[in-house]
Amino acid sequence: MKRVGRIAGNAARTLALPVVMFVVLFILSKAFGTGQFGSLASLRSVAQQTMMAAAIALAMTCNMKNGRWDFSIGMMTVMSSIIGGAIGQALNIGAFGLLIGCVIVAVIASAVNGLLYVTMKVPTLVISIGAMLVYESVNMVFNKGGGARVSDFTWLIFGRSPYVFILGLAAGLVFYVLYTHTIFGYNVRSLSSNQALATSTGINEKRNVMGCYLLCGLMVGVAGTINLSTTGSVLADVKFNGAMSMMFEAFPPVFIGFYLSQYTNLTVGVFVGAFSMKLLTAGMLALGIPAALQNVGVGLFLLIFIAFTTNQEKLREMRHIRERIAKVSALVAQGDEPATQR
Amino acid sequence: MPNALLSVHKINKCFGPTVALRDVDFTLLPGEVHGLVGENGSGKSTLTSIIAGIRKADSGEMFKNGAPYDPASVVEAQKNAVAMIVQEMGTAPEITVAENIFLGKENAFREKGLVSKKKLNKAARDALNKIGVTNINPGMPTFLLNLEERKLIELAKAMVDEPDVLIVDETTTALSHDGRELLFKVIEEMRKKNKGVIFISHDLEELMNVCTIITVLRDGDIIGTLTKDQFEEETIKTMMVGRELTGHYYRADYDCNVGEKIVLKAKNMTGAHLVEDVNFELHEGEILGFGGLSGGGIHELGRLLFGIDKVIFGSVELADGTVITDANTAVKNGLGYVSKNRDEEAIMLQASIRNNAVLPSLTKLVRRGMIAPKKEKDLAKEIIDELRVKCQSMEQKVCFLSGGNKQKVVFGKWIGNEANILILDCPTRGVDVGVKQAMYQLMYDLRCRGCSIILISEELPELIGMSDRLIILKNGKISGEFMRSPELSEQDVIHAMI
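Note that the protein sequences, when read in sequence, are chains A and S. If you use this note's numbering, the first sequence corresponds to residues 1 to 342, in order. If you use this note's numbering, the second sequence corresponds to residues 1001 to 1498, in order.
For the record, the hints were derived by calculation from the structure and aren't laboratory data. Worth double-checking, as some hints may not be accurate.
Listed below are the simulated PhoX-like cross-link pairs for lysine-lysine, each with C-alpha atoms no more than 25 Å apart in a straight line [to be verified]:
#1 K327/A - K1474/S
#2 K1185/S - K1079/S
#3 K1105/S - K206/A
#4 K1193/S - K1079/S
#5 K2/A - K1119/S
#6 K327/A - K1267/S
#7 K1119/S - K327/A
#8 K1122/S - K2/A
#9 K327/A - K1477/S
#10 K1185/S - K1228/S
#11 K1377/S - K1397/S
#12 K327/A - K1310/S
#13 K1374/S - K1397/S
#14 K1079/S - K206/A
#15 K206/A - K1056/S
#16 K314/A - K1310/S
#17 K1474/S - K1265/S
#18 K1377/S - K1332/S
#19 K1381/S - K1397/S
Keep in mind the model is a prediction, meaning the values are calculated, not measured.
Please work from the sequences and hints to get the whole structure.
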């Protein structure tokens, strides 16, 4: 019974954020907006967008857990869509060809990032910014900057329901199994928790780092496939606009996932985070907030969320302190001096 | 020796110009609990870390059951049935207890390519039960456990592979009475099974009780080995420090006359945790001891007095009426605090002795808005000389000093700042007898100069031996108060503690 109660409590805490967000935005959109927010169609659209955001967030998660930042993820996603799309079309086996192409390109690019890190020992921040610049140039050179275009509609099934969900959830399942139930995942967690202890216990850190980058590449490949399949064409990115927003949009789900991992699995936490952020964007759109201001909304939400979760312990502590002050005040008022013996 | 479980021959190890071990020979026989004792920096931990595969010797050879033994890593040592419980924290906080116990051994629980959590947790529960720990859930995250419970996890982890040789390095300081009993039971079982234990501790009484043989190290040399019938505290101390420890270990006088002036007053002092409605006055030139069981609030009391933790009700006032609200106010008003957690809270490990020693006194070293380099160096030199810190130079990083010398630097920074109220939380924790004696003498000298000291300790002999007055805390409240007297016994004090 106690176990059931604990599971129910954890489930409620995990789902509290999207539920509260939905209710608040629903009421606001009914009162001030177009009133379209909250319909089944709009929710399905939000869920559909969640898949790509979650895949990019999962790509970041494994490395970020160990303090490695990857700023090239957005550009890698664009590159996997463009070059992977071309490879997929060359394979001529339909939608799965696109998926294979995108995954191959993303895995290779991510493996290069990983190799540079383990061999050169340069901070990931520097490596990933360097990689982002290189991948941007590759995108501009490839196909003379024309990007990728898939005209056969039947090849774009991973951009629409139900296949987008199947692909996104399958990627999540792969991540969950690898992170939670394999020796690789155990090693990721122990290295992030006490690196010195883990390496002195014989865990091969370099191999684990490479594993993280390969997993990152796999998730980026999935995101690249959804990216290409959603619109059918992807242009080479100019001045990082699209790639940067893809990357920055992935941060909130990662932070939310890390926070929610105390109540649920990290993978589920990241999906819940991605869904919540897409709900927020859809809600702001329904309220008629212009795109430029939507970023302000997302930024503010992230700030409030991090401030709340960081200070949650302090809020609990303040309640506890108030109770103690009341108790001791009553003791002192009664003149209840502590017993001493000499 | 042909039947030796483990033997090391002519082991040498240097760290830069410092010789840590010089031609060390050491033998561990089956059924032996072999104590290693020596001053801080004598080479005990260096020797055991070489045996456990943590570091390599510069030269020399080792044999395990007669065969050459030269582990390249901890894992290799474990494969050769040599396990070690290290002095520092040896668990990863964010993974579960079971994952910690079987860290690096997850392969054994693999089913169809995946790690079976059920099997892992069951095996961890068995491992904990085997050493007598039944109250820890193997599936819980390790960060939820306290220091002692984490040490017991390390013990369970070390015993999982049923080692022939178990090395216990300064572990008992982190354990309560019950925890120590569990450890001693494991050691006794190993002895009965004809296995070997290398036991390091600064507590000579404990060492003499637990060990069957003791080897004394000094400055990287083996000074001698004593069998059980030769155990005598004074002999061991003399071998450790290289001279007879003359005079009294603690202060010899029973003169409790302290100054009239009240320098610090705690009024209904209450913290967010444990400490509740505590009232006392500290006089000029008084050593006021605080004792109690671990978890009784003594350490929290020190943090409240120094302003690190907030007093949520009541106050801490100085003679001039200044209320201590934070550590900055405390330092400005002549308070000094030596934390129990030395490496995390009392010292900057990666900084030099000079930087550490002058830190609280920086405002006094400023000339025209800049720190005067000569004044800074003079102060650092004065501290090093006065406390006889063993170091290569004042620019040496503190992390390369032994525990006792690190503690001297911590003391020194407050003495250099001319603190007149010192709050010392377990000041002799993890330091050897030689440094201990020096610390006690220093405390007494400071008292004679009019400095007031709050001595927080978990060691009753230390509290009884040094304090003018002793206050016992139980569940955060004062449960007893005792004046210095030759008749005061540990039994009297324990009665107020439990």
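Here's how the hints hold up against the structure:
1. Between K327/A and K1474/S the alpha-carbon distance is near 18 Å, which keeps this suggested pair within the 25 Å criterion.
2. Distance check on the hinted pair: K1185/S and K1079/S sit about 24 Å apart at the alpha-carbon level, within 25 Å; holds.
3. Straight-line distance between C-alpha atoms of K1105/S and K206/A comes to about 18 Å, which keeps the hinted pair within the 25 Å bound.
4. The suggested pairing of K1193/S with K1079/S holds, with an alpha-carbon distance near 19 Å, which does not exceed 25 Å.
5. Distance hint between K2/A and K1119/S is fulfilled; the C-alpha atoms sit about 23 Å from each other, no more than 25 Å.
6. Distance hint between K327/A and K1267/S is fulfilled; the C-alpha atoms sit about 16 Å from each other, no more than 25 Å.
7. Between the alpha carbons of K1119/S and K327/A the distance comes to roughly 47 Å, so the proposed pair goes past 25 Å and is violated.
8. Distance hint between K1122/S and K2/A is fulfilled; the C-alpha atoms sit about 20 Å from each other, no more than 25 Å.
9. About 14 Å separates the Cα atoms of K327/A and K1477/S, which keeps this hinted pair within 25 Å; it holds.
10. A hinted pair counts as satisfied when its Cα atoms are at most 25 Å apart, and K1185/S with K1228/S qualifies at roughly 19 Å.
11. In summary, the hint linking K1377/S to K1397/S is supported, as the alpha carbons are separated by about 15 Å, within the 25 Å threshold.
12. With a C-alpha separation of about 17 Å, the suggested pair K327/A and K1310/S falls inside the 25 Å cut-off, and the hint holds.
13. Taken as a hint, the K1374/S and K1397/S pair is honoured in the structure, with Cα atoms around 20 Å apart against an allowance of 25 Å.
14. Proximity of K1079/S to K206/A is assessed by CA-CA distance (about 22 Å); at most 25 Å being required, the pair is judged to hold.
15. Restraint check for K206/A and K1056/S: satisfied, since their Cα atoms lie roughly 22 Å apart, inside the 25 Å limit.
16. A C-alpha spacing of about 13 Å is found between K314/A and K1310/S, which places the hinted pair at or below 25 Å, so the restraint holds.
17. A hinted pair counts as satisfied when its Cα atoms are at most 25 Å apart, and K1474/S with K1265/S qualifies at roughly 20 Å.
18. For the suggested pair K1377/S and K1332/S, the alpha carbons sit about 22 Å apart, so the restraint of at most 25 Å is met.
19. Only pairs whose Cα atoms come within 25 Å are accepted, and K1381/S paired with K1397/S is accepted, the gap being roughly 15 Å.
Comparing the model with each earlier hint shows a violation of hint 7 alone; every other hint is respected.
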